[in-house]
Each structure stands twice: as C-alpha cells, then as structure tokens.
Amino acid sequence: DAMVIQNPRYQVTQFGKPVTLSCSQTLNHNVMYWYQQKSSQAPKLLFHYYDKDFNNEADTPDNFQSRRPNTSFCFLDIRSPGLGDAAMYLCATSREAGSGQPQHFGDGTRLSIL
Amino acid sequence: AQTVTQSQPEMSVQEAETVTLSCTYDTSENNYYLFWYKQPPSRQMILVIRQEAYKQQNATENRFSVNFQKAAKSFSLKISDSQLGDTAMYFCAFMYHSGGSNYKLTFGKGTLLTVNP
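Chains A and B, in that order, are what the protein sequence lines are. According to the working numbering, numbering within the first sequence proceeds without interruption in unit steps and concludes at 114. According to the working numbering, numbering within the second sequence proceeds without interruption in unit steps and concludes at 1117.
Please keep in mind that the hints were generated in silico from the structure rather than gathered at the bench. Each hint should be verified, as a subset may be incorrect.
[What the hints assert, rightly or not] No more than 30 angstroms apart at the CA atoms, straight line, and that leaves these computed lysine-lysine pairs for BS3-like:
#1 B:Lys-1070 x A:Lys-44
#2 A:Lys-44 x B:Lys-1109
#3 B:Lys-1078 x B:Lys-1104
#4 A:Lys-17 x A:Lys-44
#5 A:Lys-44 x B:Lys-1073
A quick note: this is a predicted structure, and the numbers were derived from the prediction, not measured.
From just these sequences and the hints, can you work out the full model?
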C-alpha cells in the first residue's frame, strides 16, 4: 500500500547531540511537511518542501533543518537538541500544496532527550 | 491570523449513540478548506472528512457528517452509531492560501473522544 513511513518510531538522544529523523513516501506526492506535536497539543508546522522548494515557518528555531534529496525522502535534522525539543515529530505529504489537498501522515517519531 | 478553536477538550459517548464535536474558526479569507482528522492512541493521524468553503452542502462520509455554517464560522463533526474504534483525538483543521505556493494547515487543540462499551 502507498504510504508515509517514518523511522524510527522512537528515538532517544542526548542533550546537544545531533539527531536525524527520516520520512519516506510511496505516494509520489510533490509536497512533504514536518510537524512538531507536543503532548496534548495540536501539531505545529515546522517547514515544508514543495518539490525542491524549501519553505520555513517564521517561528521555526534555527536548530531545526531539513533535507529532501529526492521526491521520496525527507529528513529532519536537529542540530543541538534541547529538553524542549522532546515531542512527536510528524511527517506528512500532499499531492499539491493547494486546492484543499488533504495531507497524509506517517505514524510519527517520538523523540526523547536525555 | 487564522485560528481554530475546539472548545471541548474531552468528550465521551456510549457505543451506538451519536456525538457532535464542535469547532469554530476565525478568518478573513473567503476561499479555504476545512478538515477533521482523527488520531487514535499511538497511531497515525488520518483524514475523516473534508469540506470546501465555497460548497454549501455539508460533507458526509458514512457515519461522519459535518454541519458547516460559513457565516457563523462553525464546522462541527457528527459521528453517528459510535463504535469503539472511534476512540481517538479529533483535530479540526483549516487550510488557507498563505502566499505564493504556500497553503497552510492550522489545527485546533483537539478533542479527545472516548467511546464507552
């Protein structure tokens, strides 16, 4: 089945140690998104790629970076994780950016910071 | 700024009964889209239903239907014949054109629905 796959499901890292979360999709969608979701809160958009065009949200910390080497893969890099970065990170895709295209979500990666 | 408000942090319903989750939003946009997403415990978020703001007819997907009141900026979700598998966090979301090729999806804080046997 076509889907959005996030690896790993659970990630533990140390305070200040860089970490990379990965997302892949078999939907061949043009747009890929990264959201941060803290406990009992709504998902918050960090950034998205429309094809190779990177779009950063104004309030996304510089600590967060992203790479999209090809259509299928997108990575979230956290350069120096702090305790406040512990959260669920959701990857999503959509065929196009507009026209009310729904977003398809992965299972998420739960990041813990020691 | 676009905001989405879900005033019910938690709700519960008995199996087979009907429940309505409320959602209001604030926007000056005229063209936008509204969604309800469902996030079961420890599972992925999935789309429940989608509404185009320019359509007056309320969207329906099997047991799920919406009551879209554009003038009141209200978008409630009705779940009929509730099933145990409907237990989840439900997010109301609003999509609008934020400039260029960017369309932003803004979520409400969610309503945790528990279906009791």
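Does A:Lys-44 lie within 30 angstroms of A:Lys-17 when you go C-alpha to C-alpha? 23 angstroms, holds
Tell me if the straight-line CA distance from A:Lys-44 to B:Lys-1109 falls inside 30 angstroms. Holds, because 10 angstroms separates the two Cα atoms, which is no more than 30 angstroms.
Given the hint that A:Lys-44 pairs with B:Lys-1073, test it: the Cα-Cα distance must not exceed 30 angstroms. The hint holds at about 22 angstroms.
Quickly compare the C-alpha distance for B:Lys-1070 and A:Lys-44 to 30 angstroms and report which way the hint goes. 25 angstroms, holds
For B:Lys-1078 and B:Lys-1104, compute the direct alpha-carbon distance and say whether it is at most 30 angstroms. 25 angstroms, holds
Of the numbered hints stated above, none is contradicted by the structure.
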